[in-house]
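Asks: Residue numbers (the numbering used here), protein chains in the order written: chain A, 93 to 192; chain B, 131 to 564; chain C, 3 to 646; chain D, 2 to 176.
Take these hints with a grain of salt, some might be off.
Which residues of chain C face chain A? A few of them, derived with a C-beta cut under 7 angstroms, are [said to hold, decoys possible]:
1) Q623
2) N626
3) A631
4) M633
5) L634
6) F635
What follows is a list of derived Cβ distance ranges for each label pair [stated by the list, open to error]:
7) C:Y645 x A:E180: 55 to 61 angstroms
8) B:V524 x D:I159: 51 to 57 angstroms
9) B:V528 x C:Y50: 41 to 47 angstroms
10) B:K538 x C:E460: 52 to 58 angstroms
11) C:F622 x D:K112: 32 to 38 angstroms
12) D:F3 x B:L561: 46 to 52 angstroms
13) B:L561 x C:R27: 52 to 58 angstroms
To be clear, the hints were calculated from the coordinates, so they are not data collected in a lab.
Backbone N, C-alpha and C define an ideal beta-carbon position, used for all residues, glycine too.
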Amino acid sequence: MIPTSWFLILGAILFSLGVLGVLTRRNGITIFMSIELMVNAVNLTFIAYARELGSLHGLMWVFFIMAVAAAEAAVGLAIFIALYRHRETIDVDEANLMHW
Amino acid sequence: MSFDTPDILLNLIKIGIVLGLILNVTPIMVWVERRGSALIQDRPGPNRIGPLGLIQAMADAAKFILKEDLVPAQAHKVLYNLAPMFGLIPAVTTCAAIPFARGFTIPDAFTYNGVIGALLVAGAVANFLFGVIALRVTAHFGAKPGATRFNQWIGKIVGVALIATAPVLFGLFAWFRSVGSVAMPLGLGGRYFEPIIADVSIGILLIFALSSLGVYGLATAGWASANKFSMIGAVRASAQMISYELALTLSAVGVLMSAGTLQLTEVVYRQSGTFVLFDMIPLPAWNVFPMFVGFIVFWVASFAETNRLPFDFAEAEAEIVAGYHTEYSSMKFALFFMAEYMAMGTISALMATLFLGGWDVPYWNEPATFVGFLASFGAFLAKTTFFLMVFVWVRWTVPRLKYDLLMKLGWKVFLPLALLNMVIVAILIPLGWI
Amino acid sequence: MLDKLALIPLMPFLGFLLNGLFGRRLGKTFVSIVGVGTAFASAILGSYATWEYVHTFHDGERHVDVVYQWFLSGGVGTDIAFQLDPLSIVMLMVVTWVGSLIHLYSVGYMHEEDGYFRYFSYLNLFLAMMLILILGSSYLFAFVGWEGVGLCSYLLIGYYYQTDFAPAAGKKAFVVNRIGDFGFLLAMFLMFMAFGSVDFGAVEKGAIGVGPGALVTGICVLMFVGACGKSAQMPLYVWLPDAMAGPTPVSALIHAATMVTAGVYLVVRSNVLFRMSPTAMAIVAFIGALTALFAATIGVAQNDIKKVLAYSTVSQLGFMFIAAGVGAYVAAIFHLVTHAFFKACLFLGSGSVIHAMGGEQDIRKMGGLRKHIPVTHWTFAIATFAIAGFPLAAGFFSKDEILASALATPYFASLGKVVWAMGTVAALFTAFYMYRLYYLTFAGEFRGTHEQEHHLHESPKTMTIPLIVLASLSAVGGLIGIPHLLGHSLHIPHVLEHWLEPVLTKVAGLRDGAFAVAEQPEIIVMAGSTILALAGWWFAKSKYATRGTAADEAFHENMPGLASTWENKYWVDELYDAIVVKPLHGFSTICWKVFDAIIDGLLSLAAYFIAALGDIIRFFQTGNVRNYALMLFLGVVVFIWVYV
Amino acid sequence: MFEYLIFFTFAAIAVIFSAIVVIHRNPVVSALALVVSFFSLAVMYVLLDAPFMAALQVIVYAGAIMVLFLFVIMLLNLAHTEEPITRPIQQFLGITAAASFAITIIYYLCKAAVLHTGGPAEFVSDARAIGVSMFEAYIFPFEAVSILLLAAIVGALILSQRTSAITEAKDGGAR
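So here's chain A without its partners, still in its complex pose (with noise of 0.2 angstroms):
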């Protein structure tokens, strides 16, 4: 049985992985997977905890998550076609228009 501690720390890496990608990449695409990348580890967070207590709460999150990041994938991934054909890039310092 591998202690739970581990898998939490394998999470925490990616984590920052994932924040290190989403702060300092600039391809919209690049960031995206870097959140999914986040997505997956808080996953692997949920189910160790389920786990270790023993009970099913946390794999029905991660369901959920899933489904939420399947729904995102499908947005958001529609609003970069729609973006690319505005703007002809992805790149998300570009987007920049939302502001004072």
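Following the hints, put chains B, C and D in place on chain A, whose structure we already have.
Replies: Structure of chains B, C and D alone, referenced to chain A:
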């Protein structure tokens, strides 16, 4: 997770059987495909290498191996090289979760009986006769113009080999008869042999999960080739496969609902036996009868999943040269080729398992013995072969669709039909019909 | 069936859903089948339930079928429950069967309309709501139906929403009804407060426990306000004539036969409460008499065929309230039933006339239709005789019973005589304007355009069959309530009185819900009614049978003041406009202008402050997503260090 | 022992490929690396006695979501987009924030001894248990998610329409 030696041995045997089957699908199907298309198009087909062109596949393989391996200059080298392997992984791994025969308890000892004896003798006689026929045929065709030395040699070798096995078999028969019984070696006696590599509790999900990875091979190949046709093929393939995967999975849900489990061994066990229609007609309790709609959807979607005609948009040669593998040559191309046929084999086996009762021999309660194992194995192979034959038949009969029609069909026809199937099953289960 | 009473309103509700959701796509045949089919299904189910009820309960007990508990809060609550008792059954039969006939009629009448599915889905919804209203076992659940029929009435009045007047009329109906509903709501609050329940049975028990007094009087008066709104009594009657903007079958079903009688039903349903409060009864009777007389006089001077019938309806509803007010509840229900028959028949007949005339509603442009549309003519004639109180027709018995009861009421003798006098005069006017309508429409020469005359034709079978059925019911419907005077000698019992007896609970210390009228006043009234009916007939015939509209013109010349007063409906609409609508409008304008300025000013100030703050903070909004993400994560790190 | 071997192998794979996702300039490679990373996470789930979730992970993430990503990357042909470094402060702060986040969270994970609660309890996570839980305790979120997915479908359709109302207005309906 503890193994002892017999366990490992048994698993190795299973893996050997399954791998042997799945790897042999490609050469056999290549021959079937070529001869079959020839049959359908009323032409001879490959008939030079080996009798009836039977070892044409080996010649093909030799050709693939010997061809030059080209890599386009603009290609993404790493992914270009990895892509064919991606394609192969799901094709090889999925079959691990498919039960291929009735399980049986390995007896402590083999005991001689008349059936085994008769089989051995008959095998000896048949081998001898076939050997003689092979030699005669080789001699006959070798005299004609156009026969290659290679072909003559092959024919002779096969003939001699067949004749040579005849006395061996006969000797085996004589020895076995005199000994009477042989103890099972390596402590295998008394073990239960479940003919499935990984009898996991999420069997069907595992299969869907692994087969859903198949698209990466295509997509990566298409993109890494740095070729527009390849790229279009890859884009098409990815859209097509995620569309049809939905219908495929949903149409299988009915099966799982009636079985109440995801484990494929259970799914098959539930289909053995019969149910009686209208109190008159006993039918095998196969899922195909109550879930005919789902079966049809699954069948059609399997064509899309394996990129076979009429859904082979990823490689539609009339439109985009050869699609995702336009730039591939030599053994890498052969890997795609193999992956396609292996995927066909796997999905045929899966279809047989889910809808046609897997290894179930209709109207016969297979005993948990070696005989039952063999018979059920035969049934399983027969069903899988049937589906494989239909793959070939359809390929040479039905023309390719238009791409928008493909999508429309997948989303607007097969997806609703798969849902309908679920509804039907959901109604039938509480009625006690399944 | 008795435990599945919910099915009766559910059938038309199903029709509403089917027609409303899929009707447009599935075409008129589908809509007709579903619309009419569900109505008839509900009628058949209702009849079956009645049959079972009769065989299960021999003494007219109240049968309650609880579907589920609606709500319960602080010991106060109510159920979703349906009830059957003799009163409900009478209403059920009238509503479902007359309703079904009108559904059938609508197939022919509305066939050329675009919003056919819309019409039928509303009509089905109306039927469902009406059934909830009459089958509901508590005031609150009945109120659901009460509001539901109000909604359907609104929708159907405004059916021709492309026109100007129809939506306005619908709105008017809705708003006026709201005033009444407000009274009803207050009555229910009082019930909740005093008795802790709004179940019919519980309220009755509670009221008996409390005894007569201001509370019961208050409840009754408030409930009567509600009834006034729904049943178009003074002063809330103004919506009903305008409601004629809706399709004619709607006028027949909602604004004549069923919905408008809901107020009468409510009063009769609460008869125990009313009997405890003679004050409330006097109010009911007097308002009823006033309305009857008032509307009847207006009806004399109207020229729109449907307007005449509308005022006639108001007037007849007044008669019902007279009956309810003087304590003759059986007479009220009796008149309700007969009125449903002949008024539905009249409205449907007028619809048939309008259909034949190609949309023309002005009786001055009709005339001589007798030979063109014979079926319509005959059914219309029978219904006219019935409403005018011609001897032995349906209206004769019921109206006669009402007037006799008014004369003999044991509650308030002197007021009773006044009411009787007003009712008698109203009956005379009724006979007159009905025959005027009849003769102007069917007798004499055709006064319309040549084109219209060419177009005249009898209506299709789907329209004439309901007419014939309803006309026959108008002719013989009175037989369910043969007066004792005749009944004794002929040995025919008063069926309805016997049937409704269990509803009129006997309570110690209170007068019974039914009282016998002595022979002498009954003879007087009966003879008087006959004479009045004949007089009205004769007078109308002499004026209108041959000479067309000449009499009206003469009337205008001779008595211009009275004529224009009647024609303009006593200027009630103008009056309301002046004393209610205008001041309210002015007050609202003042509120709007003054308070708006203050409140807006305060808000603007706050907004200005926020804007100023925002000007400072907005520098954080760089528009760059990564900046936001960076701030977020730095925040998270700080948060963890600070709080964990 | 065998388990540990698997864990460390796949943990290393997950971390390495996640790093590739974040660092690599080519989105296609990033996406494929993410697939590998997800796959190794699925292995983690198996190690955590949740094979069902592992299968779901592969089907949903690897089989559907990442295919969508790849599809979009290919569709928009984004493989060769240049990404010169601008905003050095943002870049620096980003790396700092990520690093400090990682240090923080790992520090607290190591520090907080919440994990030694005396051995894991009984943990059943087969399809039946999950299904019962989902359709009993979690039925409302389940339905809510179905509505969410519907909304996502509609949203995605409208956003990716070529002739949306927005573009039509922009083109003055001259299409």
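Asks: Taking the earlier hints as the rules, which of them does this structure contradict?
Replies: 4, 5, 7, 8, 9 and 13
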